[in-house]
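**Student:** Chains as they are written, first to last, in my numbering: chain R, 30 to 445; chain H, 30 to 445.
Worth flagging that the hints you see were computed from the coordinates, not collected in a lab.
Errors might be hidden in some of the hints.
A few chain H residues that face chain R, going by a derived Cβ cut-off under 7 Å, partial list only [stated by the list, open to error]:
id	residue
1	297
2	309
3	352
4	353
Just so you know, these numbers come straight off a predicted model, no measurement behind them.
Ideal Cβ positions, reconstructed from N, Cα and C, are used throughout, including at glycine.
2 protein chains.
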Amino acid sequence: MTAQTNQRIDGKRLWDSLMSMAEIGATPKGGVRRLTLTEVDRRGRDRFRAECEAAGLAVRVDAIGNIFARRPGRDPNRLPVLFGSHLDSQPSGGKYDGALGVLAGLEVMHTLNDLGIVTEAPLELVNWTDEEGSRFGHSLMGSGVWSGVFALDKAYALTDVEGVTVRTALDGIGYRGGEPAAAFPADAYFELHIEQGPILEREAKQIGIVTGAQAMVWYDAVAIGQDSHAGTTPPSARKDALVCAARIIDLVDRMMRARGEDGRGTVGQLLVSPNSRNVVPGEVRFSVEFRHPSDAEVDRLDAQFPREAGFIARDCGVKLELTQLFKIPAQPFDPGCIQLVREGAAKLGYTAREIVSGAGHDAVYVARHVPTAMIFTPCKDGLSHNEAESIEPEEATAGAQVLFEAVVARASRVLA
Amino acid sequence: MTAQTNQRIDGKRLWDSLMSMAEIGATPKGGVRRLTLTEVDRRGRDRFRAECEAAGLAVRVDAIGNIFARRPGRDPNRLPVLFGSHLDSQPSGGKYDGALGVLAGLEVMHTLNDLGIVTEAPLELVNWTDEEGSRFGHSLMGSGVWSGVFALDKAYALTDVEGVTVRTALDGIGYRGGEPAAAFPADAYFELHIEQGPILEREAKQIGIVTGAQAMVWYDAVAIGQDSHAGTTPPSARKDALVCAARIIDLVDRMMRARGEDGRGTVGQLLVSPNSRNVVPGEVRFSVEFRHPSDAEVDRLDAQFPREAGFIARDCGVKLELTQLFKIPAQPFDPGCIQLVREGAAKLGYTAREIVSGAGHDAVYVARHVPTAMIFTPCKDGLSHNEAESIEPEEATAGAQVLFEAVVARASRVLA
Chain R
30 MTAQTNQRID GKRLWDSLMS MAEIGATPKG GVRRLTLTEV DRRGRDRFRA ECEAAGLAVR
90 VDAIGNIFAR RPGRDPNRLP VLFGSHLDSQ PSGGKYDGAL GVLAGLEVMH TLNDLGIVTE
150 APLELVNWTD EEGSRFGHSL MGSGVWSGVF ALDKAYALTD VEGVTVRTAL DGIGYRGGEP
210 AAAFPADAYF ELHIEQGPIL EREAKQIGIV TGAQAMVWYD AVAIGQDSHA GTTPPSARKD
270 ALVCAARIID LVDRMMRARG EDGRGTVGQL LVSPNSRNVV PGEVRFSVEF RHPSDAEVDR
330 LDAQFPREAG FIARDCGVKL ELTQLFKIPA QPFDPGCIQL VREGAAKLGY TAREIVSGAG
390 HDAVYVARHV PTAMIFTPCK DGLSHNEAES IEPEEATAGA QVLFEAVVAR ASRVLA
Chain H
30 MTAQTNQRID GKRLWDSLMS MAEIGATPKG GVRRLTLTEV DRRGRDRFRA ECEAAGLAVR
90 VDAIGNIFAR RPGRDPNRLP VLFGSHLDSQ PSGGKYDGAL GVLAGLEVMH TLNDLGIVTE
150 APLELVNWTD EEGSRFGHSL MGSGVWSGVF ALDKAYALTD VEGVTVRTAL DGIGYRGGEP
210 AAAFPADAYF ELHIEQGPIL EREAKQIGIV TGAQAMVWYD AVAIGQDSHA GTTPPSARKD
270 ALVCAARIID LVDRMMRARG EDGRGTVGQL LVSPNSRNVV PGEVRFSVEF RHPSDAEVDR
330 LDAQFPREAG FIARDCGVKL ELTQLFKIPA QPFDPGCIQL VREGAAKLGY TAREIVSGAG
390 HDAVYVARHV PTAMIFTPCK DGLSHNEAES IEPEEATAGA QVLFEAVVAR ASRVLA
């Protein structure tokens, strides 16, 4: 499929490492359940730490449990080049979401050792705590605290469904570390991740050169009509909250499609009340979200949507309560880091395309402080957050090799 | 508001009787919870039976618990004129749904006694068992068994959520009677009921002359798309089951409105999976129902809907599984009985209009064997199956008076 000249990393070692990590929290259906700060997570972390130490890396843990494994550079005064991802999973997650970035990072370290390469700048491999947010309800927790988006005390106080706090859970598995959980100066951050979408697979690209993360706006909507008997209520007397919601769902889809392939617009959650077969629904609660690479486009969506949804509600005789939950600007990645990913893919002869991340990633927060880029690799059917999540060994190899190229190039560059 | 000449029934006695019955199973919010064949239902039945006996009526109970209270006519060979409704309620029901028809029937008997009128034909006031279907999941049970729509054994074997069978529940309250639960020859059946819809109130009509019951067709629908990440899945790769369902909901509403004020089309129940804010929904299950007074129109709806819904699903890249649950023909009522209701309303000077019943009623089953008509009275905001169900005393009086006129006219008519 491709000329794998210049390949340095050991694809088999990486794959074995992925399969071995996937045994920790393995589910019967071939997925992984490695919820953050659980005993299963501890086993994953312990193995990762042991492997880092065996590779000669110096491991530190910060106050929110982020693990940093450092390989010295030739020049101790240079800022480190960071790379990594997360080892925690969704409750019914897959083997690769997060783990690929961490274990490919470890493979980069092994390869450098094998080849006897000493980079100019130090390297630091990172495992961020609680990327998924499944247990404590707050995704990107470790990178969020590190980058100053969440206060450490606020993160510590979050509880799981059994009332266990993050702080207690960190202590419970021995990963409340002594390092401050705060951004430190770094030269760059690279994160390899599966795409979690179908674009690369559909276009048969091996590498996604991630240029940034989308802007997004999220809403909660409540359509309030009037319950009434489905058999006795004539059309003119209906205030059908579900018909209103349905037309707004169609609006969201049309607004998305009007933006072409970069548009995202989704109603993912919807609850009908009273939800009885022969009652015209009186109330429907639903979520609405839009995403787009351009802040200006999200601003336009945010201006257009409430207005047009309001017209629909009025036509339906239904009251619409629309609450904007948040609006996050786009996070463009660093042009220099993006260029290194592009060059790495080109050097190896991999097919590649630029892509904007639709999902949230630790890299999006890290990018607020550190020049950042991401590398995507395809995943089968675009499926993720699912036990059926699947990638091919050569896809993992390609991603890890591009990570290697970008990291080594960055850490070896001549500073002005 | 109206000239109440010729009024015979005692409106105050009727209202007191309604309020008194409403105390049995009264809820804090002013409604009634008198679930069929419970201890509360027994108290309602016992009071009704006692009042019938006190009024000189001969009470029989059949094997499914239907209660018949007979007043002799002058000619014992004539077939009886039946009238009544049901005393059971929804779990959070109102004071009038069902009770109005039974207690107005009792008021008719009292009035005849007061006036010393002996009709030619015997009269029988009926309380049908389990109209609501809330406890055992099968509405119109007593009239259904009586009319041969449900087998008695099948009805006996139905269980409530605690596993209690209908038979056990009948025995438990002492209402598994000795009479066969089967239709017997009768001259006519009249049922007074609140409209449970907004039409009479909106048009300020005191009486609905019910000409029959709607035809209906019910479906279960499952839209099967593909779960995918809301942030990463571009428009062209989406198989959004909720967008598909939304467009079908809109279709149902448009198909209803294309039939004018007689059309009914409702999606009352809908469940989204996985129902997560940032996941494009992969599966949506929902109910669809259409009703119309004309069988031909329901046939057309039944031909059009699966075809057009299928086109929508195909456009959405979603698989649609559509199952027709049942299709019930319209039940026209008897022209002679309808005419007596019309004449009764006219005689009293009540404002009236013809109306087709949108809800199911015992009368619809009885009509299969016995010439039948119904009388509707308005209810506030068309609200029913709700503790806030409300009517005015003069509305109850008007309905009972028209019932009186129709019953007496029918039972006194000269047979050819």
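**Student:** All hints are to be evaluated individually against the structure, with a verdict given for each.
**Tutor:** Comparing the hints with the structure gives:
1. 297: For residue 297 of chain H, the interface hint holds, since the closest Cβ of chain R sits about 5 Å away, which is under 7 Å.
2. 309: 6 Å, holds
3. 352: 13 Å, violated
4. 353: Violated, about 14 Å.
Checked against the numbered hints given earlier, this structure breaks hints 3 and 4; the rest are met.
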